[in-house]
Amino acid sequence: MRSNSPPSKKYFVASSSNSSVHRKLSPYFSSVSRKLSSLSQKNSPLIRPHFKLSKQPISHHSRGNSQTPDLVNSSSSSKKTNPKYIHKRFPTSISPKNSSNHPSKCSIPKYYTFDNIEPSSNNESLDVQVNQVYSNKIYNNFSPFTVIKNEISKKRYKTALSLLEKLNLNKSNSNILYLKAFCYMKLKNYDKAVENFDTCIKNSIKITENMYLNIYKSYIKTHKVEKADYFLDALLKDFPKSIKGNLIKGKSLFLSKKWEEASNFLEKSQGSKVFAMLMKCWKEIGDYDKAVKYLNLLKNTKMKPEGYWIEFAKIQYKFGKHYEALGCIDMVKKISEKCFEGEYYEGKCKAAIGNTEEAELILENICKECKDGKMFNRVIFKLSAIKFSKNDFYGAYSTLKRTNEQTLSTTKKIHSQLTEAAYSVVQANYFEAISLYTNLLSQPILEKHIHTCYIYRAFSYIFIKKFPEAISDYNLASSINKLDPASFYNNKICTSMILFNDKNYDLVIETLNPLELEDFSNPMWKILRIICILLSSENNSYDASQAITEIKNFNNVKNDSEIHLIIAICRFFDQKPELSLVSAEKAINYSDKPSILALTLSGFSNIALRNYCEAYDDLTKALKLNKNLKTLYSFRGICAFLAGNDKKSAKDLIRVSELNDKNAPLLSLYLLVVCHNPQEALKLANQFESTSEIEALKAHCYLIEEQIDECLECLGKLEGKTIENDIFIIEGIKAGKFETKGPGLIFNEKHELWHRAIKKIYSAKYEKAISIFEKLFDTTNKEKDLIFQQNPIMQLERLEILYNLAISNLLHNTKQSLQKASTLFSGILKIYESLDCPQIILLATITEILQGNKSKSEKYLISLASISSNLYTQFINKNSLTLSPFCTGSKLSIKFPPLPLLDFSYINIRPIMRLPSLQPPLDYFDCFDILLAMLKAEGIIIRPEVPWLQKINRNYVFTEKMVDDIESQRSTSTLYRSMERMYKSFQINKLDNEDN
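Under UniProt numbering, the letters of the sequence shown match residues 1 to 996, in that order.
Be careful, since some hints might not be right.
Stated by the list, open to error - Mimicking DSS-like on lysine-lysine, the simulated pairs with C-alpha atoms at most 25 Å apart in a straight line are:
{"id": "1", "residue 1": "576", "residue 2": "558"}
{"id": "2", "residue 1": "390", "residue 2": "371"}
{"id": "3", "residue 1": "775", "residue 2": "750"}
{"id": "4", "residue 1": "371", "residue 2": "338"}
{"id": "5", "residue 1": "627", "residue 2": "593"}
{"id": "6", "residue 1": "760", "residue 2": "741"}
Bear in mind the hints are in silico, worked out from the structure with no lab data behind them. None of these values were measured; they are calculated from a predicted model.
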């Protein structure tokens with residue numbers, strides 16, 4: 001170490017009052033300005049000046065620690081040097097002893113002084129201040145650069161700058177510019193420093209190592225990194241062995257995490273910090289041996305044993321040697337009772353080997369005890385990362401909320417954003433999640449994080465039904481790594497949904513291949529397949545057989561409302577309303593919100609089961625949810641009529657005429673006729689322009705009202721063969737005759753046959769009448785496509801046919817015909833026990849008497865006496881009786897005489913003559929159309945596979961409640977099935993008798 005003591009006074013002349021020397025130099029004052037330039041070159045910071053020194057030995061004083069190149073810095077002694085003796089510090093100053101060695105032309109007047117003068121508060125000029133301070137302190141001539149360097153060596157940079165500004169030299173002088181730049185740099189005015197350095201470099205100054213470093217520092221401070229790196233590279237090119245240059249370059253690369261390049265430069269330096277950086281470099285590069293090597297070198301620099309074992313544990317952890325790392329942590333515990341860093345890495349190692357619960361406990365204990373904010377935040381982020389790795393996104397997010405760290409590393413920022421995005425997904429904030437993942441993907445993140453971002457963003461896109469974007473993300477994710485099973489499934493669903501929205505139902509069925517998806521318990525693919533099969537059936541006569549087969553593949557329905565709804569639709573398409581109703585009610589009960597489709601389906605099923613009040617309620621609920629479903633008004637209006645509420649029925653059916661359909665008025669009129677409301681139908685008909693269809697409906701209304709003349713008047717406005725047939729039949733009825741020329745528009749084929757059969761009865765052609773009535777019954781029994789098939793109107797019509805068939809056999813009065821009549825009357829009584837019809841009992845009694853069945857006849861008589869004693873007494877007393885059990889009381893029927901029974905001449909019977917009635921025209925196909933339209937409108941519930949959860953296979957459960965519910969609904973159609981069984985038994989008996 002050089003001595004910092006001031007140089008010996010013997011090398012300088014101490015005389016400060018030699019005025020003669022000053023007078024001798026005065027002629028040369030004028031030449032100073034001409035020589036300053038040459039002097040500045042001799043004293044350039046690039047060229048060491050050579051002075052003619054005294055023959056006396058020169059002390060080796062310190063040069064100071066300034067980075068200014070080649071400046072002779074004055075040593076900092078405890079005693080401040082008096083400016084009075086400043087000429088003693090420079091060999092070039094003129095003293096009595098060395099004045100002869102220097103030309104007098106280099107002298108400087110004593111008033112040209114250079115000292116550290118700060119601006120005063122009284123705004124005196126710098127020149128005045130300088131003159132005041134130094135006018136009596138300088139005695140001899142010396143170089144201005146020497147004075148400036150002296151000021152710089154004393155760290156009086158402002159004074160140096162002031163002196164540099166006062167030099168009346170060329171401002172482009174490189175030496176002045178460099179010294180200015182150096183002073184600005186020391187004063188932290190880096191913009192000015194850079195400005196002067198740039199000008200200096202343009203003047204082609206030769207740059208030394210220290211100058212490179214100063215220029216680099218200035219550019220770094222002004223955030224001109226590219227320029228700084230350029231000069232740093234130039235430094236290493238010109239001075240490849242520069243220790244500081246290599247260290248700066250290595251540290252810069254180290255901070256940029258360019259580990260291999262950083263290690264190449266850092267290895268040219270020494271020191272504990274260098275070893276620590278090299279250890280980190282080789283640890284990140286993946287060279288275990290070299291990382292341990294530099295750890296050992298670091299250990300030799302008086303590193304504490306505790307720190308050594310912690311760093312060793314970090315290296316072991318980095319290279320996956322978690323148990324070895326735990327061994328190092330045990331060594332730390334032996335040395336120190338409490339080391340949060342060691343406990344932190346113990347928790348990390350525990351988590352790495354799968355013991356996450358113990359790891360969380362260790363880290364939570366650190367959070368409770370640690371006062372160091374930095375360590376606390378590290379632990380919090382690790383806790384969050386552990387929870388995130390377990391897909392506990394809520395826990396990871398809430399854990400991060402405990403941190404108070406403002407400035408985060410890149411890794412922590414990425415983790416925070418990943419956690420927030422995943423939390424948004426599980427909170428169903430899909431738009432926010434998409435925005436967060438999009439932001440993450442715009443950053444330089446790890447490949448595994450990129451894959452995760454694409455997967456979860458695609459998952460979010462599915463829920464907002466942006467299926468093309470989801471498919472794009474899945475494709476990008478698959479280019480990085482193979483899709484997990486959940487994402488593979490979701491990708492299939494997205495592809496299918498695009499095809500579904502384009503109405504390519506066959507392609508959807510093909511895409512959702514059961515062989516590829518049978519291992520997924522998520523039912524969405526099955527639901528989507530079945531929906532597409534149903535929608536495709538529209539072009540295939542609504543054949544739902546394939547859909548019925550596929551609903552059997554649902555393994556575990558439980559409380560899934562959507563699956564119950566799909567099953568209900570399939571059962572309804574299969575025309576099994578009792579099963580459909582059970583599933584529809586479950587769909588309604590298990591759903592979080594009411595479904596119009598489920599309510600409508602329940603209503604249709606109740607209609608098919610003749611539960612008209614329940615059907616009316618279901619359709620009312622559906623219409624409350626959406627009043628625009630005007631197609632349901634016709635169904636609800638008929639339900640109201642069949643439930644006995646004519647006013648509500650008329651209101652709904654009139655509303656049908658308001659539909660945006662040209663055929664709506666006709667449908668409204670037709671349904672009013674169906675519901676036996678001819679008066680309202682006539683009122684409505686008069687509101688529309690007269691057409692042939694409207695006139696025909698008006699004629700029908702007048703016929704029901706038995707206004708024959710008005711009916712014939714309306715028919716007279718029409719033309720055609722069928723109209724002529726109707727007029728012929730109606731005129732015959734008016735005259736009390738059963739005449740027909742064939743089916744007409746009002747008297748269609750069914751009613752024309754009925755009319756013809758009645759004529760055969762009056763003509764005593766009983767076999768013909770029987771044949772016609774059997775044909776009529778078969779015709780009505782085959783109308784299974786009508787949704788209102790089992791309505792009371794149709795039931796009464798069938799009952800009337802059976803009655804006419806029974807009295808035809810009774811009038812025929814043969815052994816076989818009486819047996820048939822007995823069977824028919826018995827069947828009617830069993831079906832209609834609730835009617836308590838005594839006239840049917842009396843006819844059954846007569847039939848048994850004619851056959852000689854005394855026991856049965858007595859049984860019927862006892863029943864008759866209990867029900868109607870008056871009719872029983874009249875029969876026993878043989879009073880004249882006219883039996884007409886199902887007479888509607890119409891005036892027209894009275895025009896046709898009753899027919900006497902053989903052997904019972906006092907008893908007369910009258911066959912039932914039925915005026916044409918209309919059946920509800922709404923069939924199952926109409927319902928199918930409405931249900932499919934609603935199915936398209938409601939769409940399918942999106943239920944993708946969750947990529948962060950493991951699959952749990954579900955098992956299908958058959959419940960007793962399901963069976964009970966089905967059986968209870970079967971009972972509602974008992975009436976129709978009983979009648980059908982009775983008629984089938986009658987047909988079987990008929991065949992047996994024919995065989996005999």
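Which numbered hints fail: 2
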